Each structure stands twice: as C-alpha cells, then as structure tokens.
Amino acid sequence: MNPPLPHLELSQVSIEFPTPKGPFRALRDINLKIAKGEFLSLIGHSGCGKSTVLNIIAGLYQPTEGVVLLNDREVREPGPERAVVFQNHSLLPWLNVYENVKLAVDQVFRDKPSSWKKEWIEHNLKLVHMDHARHKYPAEISGGMKQRVGIARALAMQPEVLLMDEPFGALDALTRAHLQDSLMEIQETLKNTVIMITHDVDEAVLLSDRIVMMTNGPEATIGEILPINLPRPRNRLTLSKDPTYAALRAHVLDFLYAKQARRIEEGVLA
Amino acid sequence: MRNDMVPFRLPPLRSLLAPLTGLTLFLAVWQGVASQIDTTLGKFPGPVETWQQFTNLIEEYQQEKIREQKFYERQRIRNEKKLQENPNAEIVWREYRGMPTFFDKIRRSLITVASGFLLGSLIAIPVGLLIGISKTAYSAINPIIQVLKPISPIAWLPLVTIVVSAVYVSESPLFDKAYLTSMFVVMLCSLWPTIINTAAGVGSVTRDMQNVSRVLRLSPLTHLRKIVLPCTIPSMFTGLRISLGIAWMVLIAAEMLAQNPGLGKFVWDEFQNGSSQSLARIMVAVVTIGIIGFLLDRLMLLAQRWVSWDKTATLR
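From first to last, the protein sequence lines are chains X and F. Position 246 (the first sequence) corresponds to 246 in our numbering; numbering is contiguous. Each number in our numbering corresponds to the 1-based position in the second sequence with 1000 added.
Be a bit skeptical, because a hint or two may be false.
Heads up, simulated DSBU-like pairs for lysine-lysine below, C-alpha to C-alpha not over 35 Å straight-line [said to hold, decoys possible]:
#1 Lys-21(X) with Lys-1135(F)
#2 Lys-1082(F) with Lys-102(X)
#3 Lys-191(X) with Lys-112(X)
#4 Lys-241(X) with Lys-259(X)
#5 Lys-21(X) with Lys-118(X)
#6 Lys-1065(F) with Lys-1082(F)
Honestly, the hints are just simulated from the structure, not real lab data. The model shown is predicted, which means the values in this text are computed figures rather than measured ones.
Kindly produce the complete structure, drawing on both the sequences and the hints.
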C-alpha cells in the first residue's frame, strides 16, 4: 500500500534567533509528515520550541533552514488556510463575539453575499456553543467562552490546517474537559487537520492520532513520535480504565519525566 | 448603544451636600480675603462685587442688542424710503458694528480654541499614528517633538504674529490676523499630548492582535482601520482631552498678546482701563474662563467614555 502524499510536510526545519550573544538556534532538523485530517499534538517541556514550530507552520516565523510544504507548496507567510487559535484567545476587545468572527469571515469570504456570511458566522458560533452570547464583548465572558470564540473564529476561516497553541492551557480542569469534548466533536464532523500544542499528557492522548514529543532546547528537535491507535469516538470515562490508554499515557510521561527530565541547574529557557 | 449604559439620574441630595459646603466655604474665604486687600483701584472684588459686574455685563449685552435692533430698524426705514422715492435706487445694507460685548468675546474665544484645537488634532492624530506604527518615523520625529514640547506656546507668539502678517496678505481677509495668530498658537500647543498619546495607543496593539491580522492577511489599510485605530482610540482621546485643556489655558494668554477680541483681550482691556469696576470685571472673566474650561473637559470626558471600548476603565 502506498502511503498517501503528505498534506503538510516539515523538512529539515531549523530556526535561529539573533541575540546580543550571537544567533540562538532554537530548533534543528524538524522532519514531520502530516496526513489530511490528522490530529497531531506537540508535547514537551516549556521553552522547548513547541510554539516556534507552530509559528513556523503558521508562517509567522520564517525557518532559517528547511521548508514547510502545504499541499506541496512552500509556506512563506501567514494565511487563513492555516488558522491559528492563540494561547490567550486574542479576541479584539472592542468587537463583540459576533463581530470578532465576522472580521475573519469578511476577510476570507469577501465575495460571498452578506446573508451567506451571517449564516456562516452563526453556524460556527453554534459549533462551539456560543451562539447565545453573540452580542457579548470579550470582557463580559469567561476565559473558556473566549477560547470557544477563538476556535469559532479559526474554524470560520475554513482552514486546511487548524493550529492551536495551548488552547486550553489557561482554563480550569472542568472547562478544559468540556472544550476537549467539543473539539473532538467538531473534529469528527469537519475532519480538519489539527496541530495542537499542549502541556497536558491526558489531553494529548485523548485527542491525538499521533503525539510528537520534543526534546529540550536549545536546539530542540523531535524526540519521538507516538501513534495513538485508540478507536474513535473516544470517551474520557471509558478510556480512563483502558489499559492501552494507560500504557500510552505512561509512555509519554516516561519520555517527559525520565528521558527529557529537566535539569533545573541548567536553568530554564522560557 | 451598549446595554451597560446607565440612564442619567440626578444625584441624591446627600452627595450634593459636600460640594455645596465646599463651595460655600470657598466663597466665604474669598470674600474675607478680598476685603483685606486694598489696591489702587479700590478693594479687591469679592463674590458679591463679581456677581454685580456679571449682571452689569448681561445688561450691557442686552442694551447692545437693543442698539443693534434699532440700527437695523433705522436702516430698513431709510432704505424703504429711498425705494419709494426712486424704485431703482441702489440699496446698501450695512452691518452693525458695535462694540463686542462680553458674550461676543466668549463666543470668539470658543471659536478660536475650537478651530485651533481641530487643526492641531488633524495634524497630531496622523503624526501620532505614523510614529506609533513606524519605528523609523519614531526615531526621526521623536527628538524634535521632545524639544518642541516644553516650549511655552507664548514664546511662539511673536514669530507667529510676524509670519501671519507677512504671509496672510489679502485684499478682503476672511479672517483677521489677531484671530489667526491666536488660533495658530492654540494649534501649536494642542499638538503634543495628542501625538504622544496616539503613538502610545498604537503601541498598545499587542503582538497577538498583530498576528491575528497577519493570519487573516489584512491589507495595511484594513489593519489600520480594523485593528490599530480602534485599539488606539481610548488613548488618543486621553491625548485630545489633555490637549484641549492646555489649548484653553494658552488661548487666554495668546488673546491678551495678539489682541484677539476674546476673553483674553477682555481681561487685558479691563486691566488697561483701570476703572473702579475693572477688577470685578476681570474676576467675572476669570471665573468664566474656569467654568468654560471645566465644561470643555466634561465634554471631552463624555466623548472619551463614548468611544472607549474598555468599559471597565474608570475615566474621571
């Protein structure tokens, strides 16, 4: 059987940042092939360059070496086909929920009639269960709700790849579980390619098709890729008693806390 | 309008008590101190004398209005007569040129400050946006601003006067030179706070907002319109409010020197006049200047609240 042509490919990606003490090599030799519709998690300790990988795929950073290919075309700049859900939602505080999504829709679907756009915005707000709060301003809603709107805004761009930078990191455990379920549901219907950064081992195992584990920086790279062959739809309650789940979880924990244990005395690169 | 706006309500009596007590005490101290000061023009005016002069000024205004009406009435009758004698007679309508009253002078001051402030803001907002967006523009313009900013606008006045006289030469001038001089001085001093605060507002556009804009591939113009401007507006209005406050203060001094017939000239003329009423009349002008300044600030505060999207910020 021929492997399918990769949808998104990172090939020999390295990046250096200029610092007063000379160039700082944050990432080296990142090679990754991602299939269409795949859900990929990036996990690693703080400062290992997970966000940098995501920003390179988003086009917000340019790799010093190597190339990112989406459908065989080089990624050179940011674009709505690689929508980003930012860590701290980054909604515009002067626009209400509806208008925040509208900003994206107006930009991506310029030629569509406004009635279509209105329906599309409402559809996406419904997907994340936020249609009831469309007139609220970001300051008036909770962190979890803001993150939902951030996801709706990204989904409304109808991206080929959805990039999520620790989308649930700042949320409490209950809200996080709720949003993870929503995300799985959405992923089930839309079949987007998703790349998500996370700190949370359970989240990674629960949501992903593969987990990409990164070594510590500087010169961070991919340490190991773990396929998660759990059947979908997944349920967190049944999985918690599943031995495969437990084994996978243990594997990731082992990588993070035995193989890549942070040596505190080396200092933490934030 | 957003739903968190509270309809206007009269403050309860209790909250009025403190300000009223303060005001009464102030008036008492004023009266007390004033009666102790003897000047060449008699006693320093207390609140009572000031109030009397205020009513006098209203009376003078009403009399002037009556004179004006009579003037036009006489003119009308004269012209009608002329037409009766000869239907083809050339009719001349003359404008009444009486002495500007106190209230005409208030109007003149308000027009001068408004036009100078508007002109200044029209320059300051784009400059502020420019140096906020472009680091190069910032390093090019910022040193100049820092040097120009502390200059008292009055220091410019002689230069502005000379330049206006030299440049603004017209057979039938639309504006008189005193007005232009005062207006330009007001403009000069209302530039800096708006420029600096606008630039600071642009600086408050976070990296995340910029990234949102980049992911959406907003054009530079759309980015300016949808991200930078709304983000900057609260800070911009803070600058505008400070600018208007300074503009109003400077205007009075500028009018004294440039002889623009506004409140400043009123004060100056009364000072030169030196009658027994002059001090009280100056006091009326001083209090008026304060009240108008206060009202202008309130107006800007309302505008600031209206445009500010950050409803959690307390603006006072």
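### Query
When the hints from earlier in the document are held up against this structure, which numbers fail?
2, 5
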